[in-house]
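Asks: Which chain is which? The protein sequence lines are A and B, in order. According to my numbering, the residues represented by the first sequence are 1 to 235, in order. According to my numbering, the residues represented by the second sequence are 1001 to 1548, in order.
Since the hints were derived computationally from the structure, they do not count as laboratory data. Think of the CB as a built atom: it goes at the ideal place given N, C-alpha and C, for glycine as much as any other residue. One or more of the hints may lead you astray.
[What the hints assert, rightly or not] Per label pair, the in silico range of CB-to-CB distance:
(1) A:78 <-> B:1312: 54 to 62 Å
(2) B:1123 <-> A:26: 28 to 36 Å
(3) B:1027 <-> A:127: 38 to 46 Å
(4) B:1027 <-> A:17: 46 to 54 Å
(5) B:1067 <-> A:159: 45 to 53 Å
Listed here are the chains, written in short residue letters.
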Amino acid sequence: MADSHATAVDTAVASPQLRHHFADMEQQKNAASLGMWLFLVTEIMFFGGMFCAYLVYRTKYFNAFAAGSQQLSIGMGAFNTAVLLISSLTVVLAVRAAQDGKRKQLVSYLVITVLLGLTFLGVKGVEYREKFEKHHVPGPTFQFTDTFDDNGKKIPVDAQHAQLFFSIYFVMTGMHALHMIIGCGLFTVLTVFAWKGHYSPGYYTPIENAGLYWHLVDIIWIYLFPLLYLISRHS
Amino acid sequence: MASAAIPANQSPKTNYLTNGYSLKSWLLTTDHKRIAILYLISITLFFFLGGFFAMLIRLELLTPQGDLMHADTYNKVFTMHGIIMVFFFLIPVVPAVLGNFLVPLMIGAKDLAFPRINLLSWYLYIIAGVLFLHCMLVGGVDTGWTFYPPFSTSASNTNVIEAGLAVFIAGFSSIFTGLNFIVTIHRMRAPGLTWNRLPLFIWANYATSVIMILGTPVVAITIILVAAERTLHLGIFDPKLGGDPLLFQHLFWFYSHPAVYIMILPSMGVISELIACFARKRIFGYNFVALSSIALAVFGFLVWAHHMFVSGMSLYAAMVFSFLSFSVGVPSAVKVFNWTATLYRGSISYATPMLYAFGFIGLFTIGGLTGLFLATLGIDVHVTDTYFVVAHFHYVMVGGVLMGFLGGMHFWWPKISGRMYPEAWAKLSALFVFVGFNLTFFPQFILGYVGMPRRYWQYPHEFQVLNVLSTAGASVLAVGYLLPMIYFLWSLRYGPIAEANPWNAAGLEWKAASPPTTFNFDETPVVTWEAYNYDEIDAKPQEVPVGR
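Please put together the full structure from these sequences, using the hints given.
Replies: Structure follows, in structure tokens:
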């Protein structure tokens, strides 16, 4: 290579993780971190489109959305919220363990995070199954009967509009679940690398960036839970 | 890369092109310059494919009767022309080719911040392209490039999902390019290269990248919703199922209007470089030109609904969007006026890149001013979905973007290839492009104004003269586009060897060798001067550049 000379000198003194086009580890870390934050911005815009659709139809068809929301299980939703919050904590602890160079702690926190993520997905699967059984999945088999609010008053609902609620429910939670699956895969790979001792107090950027991703997916759920499960349930 | 094979004492002879000849050394490269070449080849192929469909359209419209193809085929032809040209040519062309090549060079970096993501983005582009080619071969798609529901979600029986998926993947390619540029420009500038010393091409690419990052994910989810609607019968956009097709239009144009600025901004950056170099002057009002790029990126996000004045919006919303659309004229005009002010008392020379720059200013001014017609509510209602609109956006997107791209390709070709292009042929082809372009699209303004709608394969007899003119112009234009491809390839072998800085231009990229070595600079440059310091350069013309 033309100027392998100059780069060889640069890299000889630096850490083996330093890639050739960066001056030092700090520049590399800052670049990776900024890149991750920008990626999170794209994720927010991605989900933003769906939140926009939600907002439009919730305003237009509020009764149908409230009735549809009644059909979701608050218990399972709340349980999943708690699971995700705890998993965010374990991610933070994993980053901390990486900073301190505690390999075993790092590995165990990563494993717990993955397990919590899988728990979330499992519960979500149970909820989806329930929707299939009740014919609440949009499509030709969709059925929706009149519902009653907590005081026993009948809520008049257009089945088509309720179907719209469930369309949005499945799209939003489905996209979120897809991000959870990707996150679980990501953390599994990181666990293997951590086990092999790839990370040190001087180099743990991948853990930190994967953690940022996980927090974002978590935050999106924090919005999804009240918006989908808790419409008109404040009484 | 095969670093071991090249002895160190040969290093002056080795550049990024000669550093490995195997297919693998190209397909697995992480060198931003090689990736730019990969993009150049693939994007050029798509350009000529899109151009082929354009010629089919023009041939069909040569006569008033629908005699070349059926109406259904015509629908598919203009749809493929639109999708290929927008998503596979105009959006990536300047950032992915010239931007990829020049951004690290111009800021004195060895590479983009994420070289492997850069390669990934090219592969995503190729996957998207192959997917779209497949979609085309198994019957194509007929929704128009805008994918409007409910036609796209329930009525069309063509391959909407596959085409949508291709656009979705191409979108990720563009997101990664944008992300890479922003991080690179923030984190990897050479010492002393402050924001106020950056070349305007960098500012333009920065603004473009912001739009790519903020806009593209929205069109991505919109396309997913269309696909979900087709497969799973969700009713989000379908009025039969309670959905609202207007929501689709809002989400679609929220990206697709700013996408126009993704296309035009990098070309504007190119023009700033060309004007300064060939007028031998610092660009007039540097700060205003730089910030007008950012202003275009911001305003560009606030005007999308002017595509929907007739599709059902409240009058007040329409008035607000009309006003905001006018305001985009301000930063655009700042650029045009500052370019022309730069020319004042400059020592202007008429090399081919400068001819393209003049062409750009002329065509963009016509395209921009007719945009004000369309921002005016009353006139827009009259000319919506007519050839007036077609002519307007071709003046901006083709006239603007292609003039900038070709000007930039000629300007930086010595840097990219190490060879000079043949000047006389280049000037001839610039003339062909300018004349051909105006002949093709100016008649369409008149056609649209007197009422010829777009997207029809037949038309009344009285429109024929103007349509014949337009088709004739398209043939001239095609020659103008084919010529550069031929003489660029010719010059690779027979062109005179280029010096490091054949134009005696400012800018760090000219301090690297022609073609640059794999890591661009032997030593990281330290910048102590303003951008476009042509008075200093011309005061001491014998100065030898730092990096050979």
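Asks: Taking each numbered hint in turn, which are not upheld by the structure, reported in ascending numerical order?
Replies: Hint check: 1 and 4 fail, others pass.
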